[in-house]
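Undergrad: Sequence:
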Amino acid sequence: MARRTRHYPTGRCAAVALGSRIRVVTVTRESDHTVAVAVAVIVRPVDGRIVLVRRRVPESELVWQFPGGKVEPGEAPEAAAVRETREEIGLTVVDRARIGARIHPLTGRRIVYIACDVVSGVAQVTAPREIAYTAWIPPSRLDTYAPGVYEPVRQYLSITAPGRKSP
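Here the sequence shown is numbered in my numbering, starting from 91 and rising by one per residue.
Hints are computed from structural coordinates only; laboratory data are not their basis. Glycine residues also receive a C-beta, built at the ideal position from the N, C-alpha and C atoms. Hints may contain errors.
Restraint-style ranges between C-beta atoms, simulated for each label pair [what the hints assert, rightly or not]:
hint, residue 1, residue 2, range
1, R219, T197, 11 to 21 Å
2, R244, V153, 12 to 22 Å
3, G198, R146, 33 to 43 Å
4, T197, D233, 31 to 41 Å
5, S230, P163, 38 to 48 Å
6, I249, P163, 31 to 41 Å
7, P163, T234, 32 to 42 Å
8, P135, P242, 12 to 22 Å
9, P163, D137, 36 to 46 Å
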């Protein structure tokens, strides 16, 4: 007998036909800890400002974030950060280095932080269903926009400040 697969909303019960038997199972989704989100940490070299996006629908307490999104199956986090930046705010960037990764304390998601440099484009909202605003902010205002930034990102931002040599 051929097995039929149907997709059901997560957390719901579904009947699965196994030959002549029927078994009820709870449909679960992949853990948020295994689905990586890649974000681009972009510093404008001329003035040291950092690009952030304001999500249309905030995640947890996060309103302003680095541009980024889910890493697709088979995609490297660096490629995802580059792709998501182009899709969300229209900047073409190149990945420079992986800053680090952590389980985000507010969302519980695995976040991979990628340092990126702008190749071309102007930061503007190009995914209005996801992004409400984009802004270049001075590093001194980072805690106002995005409190609790990952410490290795803070260290990277202090190294790339104008007048300092980049890593």
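Undergrad: If a hint holds in the structure, say so; if it doesn't, say that too.
TA: Going through the hints against the structure:
| no. | hint | verdict |
| --- | --- | --- |
| 1 | R219 <-> T197: 11 to 21 Å | holds (20 Å) |
| 2 | R244 <-> V153: 12 to 22 Å | holds (19 Å) |
| 3 | G198 <-> R146: 33 to 43 Å | violated (21 Å) |
| 4 | T197 <-> D233: 31 to 41 Å | violated (18 Å) |
| 5 | S230 <-> P163: 38 to 48 Å | holds (39 Å) |
| 6 | I249 <-> P163: 31 to 41 Å | holds (33 Å) |
| 7 | P163 <-> T234: 32 to 42 Å | holds (36 Å) |
| 8 | P135 <-> P242: 12 to 22 Å | holds (20 Å) |
| 9 | P163 <-> D137: 36 to 46 Å | holds (38 Å) |
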